[in-house]
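Chain order of the listed sequences is D and E.
Residue numbers in the first sequence follow my numbering, run continuously in steps of one, and reach 174 at the last position.
Residue numbers in the second sequence follow my numbering, run continuously in steps of one, and reach 348 at the last position.
In short, the hints are calculated from the structure, not lab data.
A couple of the hints might just be wrong.
Covered stretches of chain D (chain E as the covering partner; in silico rule of three or more C-beta atoms under 8 Å from a C-beta of chain E) [what the hints assert, rightly or not]: (1) 56-69; (2) 153-165.
Computed cross-link-like contacts, SDA-like style, restricted to lysine to any residue with a CA-CA straight-line distance of at most 25 Å [said to hold, decoys possible]: (3) 9(D) with 334(E); (4) 102(D) with 74(D); (5) 245(E) with 169(D); (6) 109(D) with 201(E); (7) 9(D) with 300(E); (8) 28(D) with 180(E); (9) 173(D) with 300(E); (10) 160(D) with 334(E).
A virtual CB, placed ideally from N, CA and C, is assigned to each residue, including glycine.
2 protein chains.
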Amino acid sequence: MIFELNKSKEILERTPEVLETLLSGLSKEWVENNEGAKTWSPYDIVGHLISGEKTDWIIRIKTILSDSESKLFEPFDRFAQLNENQNRPIEDLINEFKLLRKKNLNELKFLNISQKDFEKVGIHPEFGNVTLKQLISTWAVHDLGHIAQITRVMAKQYTKEVGPWISYLGVLKK
Amino acid sequence: MIFELNKSKEILERTPEVLETLLSGLSKEWVENNEGAKTWSPYDIVGHLISGEKTDWIIRIKTILSDSESKLFEPFDRFAQLNENQNRPIEDLINEFKLLRKKNLNELKFLNISQKDFEKVGIHPEFGNVTLKQLISTWAVHDLGHIAQITRVMAKQYTKEVGPWISYLGVLKK
Numbered sequence: 001m002i003f004e005l006n007k008s009k010e011i012l013e014r015t016p017e018v019l020e021t022l023l024s025g026l027s028k029e030w031v032e033n034n035e036g037a038k039t040w041s042p043y044d045i046v047g048h049l050i051s052g053e054k055t056d057w058i059i060r061i062k063t064i065l066s067d068s069e070s071k072l073f074e075p076f077d078r079f080a081q082l083n084e085n086q087n088r089p090i091e092d093l094i095n096e097f098k099l100l101r102k103k104n105l106n107e108l109k110f111l112n113i114s115q116k117d118f119e120k121v122g123i124h125p126e127f128g129n130v131t132l133k134q135l136i137s138t139w140a141v142h143d144l145g146h147i148a149q150i151t152r153v154m155a156k157q158y159t160k161e162v163g164p165w166i167s168y169l170g171v172l173k174k
Numbered sequence: 175m176i177f178e179l180n181k182s183k184e185i186l187e188r189t190p191e192v193l194e195t196l197l198s199g200l201s202k203e204w205v206e207n208n209e210g211a212k213t214w215s216p217y218d219i220v221g222h223l224i225s226g227e228k229t230d231w232i233i234r235i236k237t238i239l240s241d242s243e244s245k246l247f248e249p250f251d252r253f254a255q256l257n258e259n260q261n262r263p264i265e266d267l268i269n270e271f272k273l274l275r276k277k278n279l280n281e282l283k284f285l286n287i288s289q290k291d292f293e294k295v296g297i298h299p300e301f302g303n304v305t306l307k308q309l310i311s312t313w314a315v316h317d318l319g320h321i322a323q324i325t326r327v328m329a330k331q332y333t334k335e336v337g338p339w340i341s342y343l344g345v346l347k348k
């Protein structure tokens, strides 16, 4: 599948609502349990998605499109959410994510990105040159990967409860 | 996390709506592409979930709870959906799944399952004795595993488009 802005936006637009239908109103154990020491719960993952909206994706897009000399991205703190208030209900976090994503997609729209912009580059602190196309593709894949992670973490809470069916359930072995 | 009927139902009840928010209205490529030969697309996976509602979960639950002598489950055809009409829009499949799941959860409710019923057994064609608790746990984990699979399959459509970010995106390596 070849990158298209509209097809990427199809994913980016729906992620907040997917998280809402998946996580709102669930018992605490489904939302707050993780896969073991130093792994993330669905709650942590939503916090991480919020950080990305605040400090990463749209800012890097604007860096690539800007006229400034320096195209170097700020490093992204992938653990920022672990220092946030852990007492807010998950529904609050989802709502914050929803508003931030909406605002960022609105900004994206007003950037009026053209076909030739997609090959423009920024400098990633680890990878060096990356294109706008790669950045927007990664934004969408990052959403999908974290939805997969959330459902895997939830599935694992019942690892012992499924008994012999564990051998059919690949998600419990990842 | 210890099995509870209500916590299992929290998952089972929301899966149709999660699939609706995730897949309705998407471009065909997101819905119909797979991970390569003999793998399933999101479309195939929704078909598989429909088969489960028609021929597997609730029927096996009733077998366990019945007064009949034979508690042997019918084998479940995990590939039935590949023989179904492939021309129906995904929204039709999701709607069918939604109705079937609602009907089956309603039947579950009217079975008035008590705490001691959870240890009752049926005979799985491969595993032998399995309990009602294991069966209902597996039903919920099976939903979550397939949501994880759907988002992984979708993510992989952009494997080439993310460029060097592939090294951060675990979902593309599974």
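request  = Please work out if residue 109(D) and residue 201(E) have their alpha carbons no farther apart than 25 Å.
outcome  = 19 Å, holds
key: Pair hint outcome, residue 102(D) versus residue 74(D) [Cα-Cα no greater than 25 Å]   = 23 Å, holds
inquiry  = Need the status of pair residue 9(D), residue 300(E): alpha-carbon distance at most 25 Å?
reply    = Status violated; Cα separation ~44 Å.
ask   = Holds or violated: residue 28(D) with residue 180(E), Cα cutoff 25 Å?
value = Since the Cα atoms of residue 28(D) and residue 180(E) sit roughly 13 Å apart, the hinted pair holds (cutoff 25 Å).
key: residue 245(E) paired with residue 169(D) [C-alpha distance capped at 25 Å]   = 23 Å, holds
query = CA of residue 9(D) to CA of residue 334(E), is that 25 Å or under?
reply = Roughly 18 Å between the alpha carbons, so the hint for residue 9(D) and residue 334(E) holds.
query = Within 25 Å, alpha carbon to alpha carbon, are residue 173(D) and residue 300(E)?
reply = 20 Å, holds
query = Counting residues of the region 153-165 of chain D whose CB is closer than 8 Å to a CB in chain E, do you get three or more?
reply = holds (count 9)
ask   = Is the hinted pair residue 160(D) and residue 334(E) satisfied, with a Cα-Cα distance of at most 25 Å?
value = Violated: residue 160(D) and residue 334(E) sit about 37 Å apart, past 25 Å.
query = How about the region 56-69 of chain D: do at least three of its residues have a C-beta closer than 8 Å to a C-beta of chain E?
reply = The restraint on the region 56-69 of chain D is violated, since only 0 of its residues have a Cβ under 8 Å from chain E and three are required.
Of the numbered hints stated above, those contradicted by the structure are hints 1, 7 and 10, listed in ascending order.
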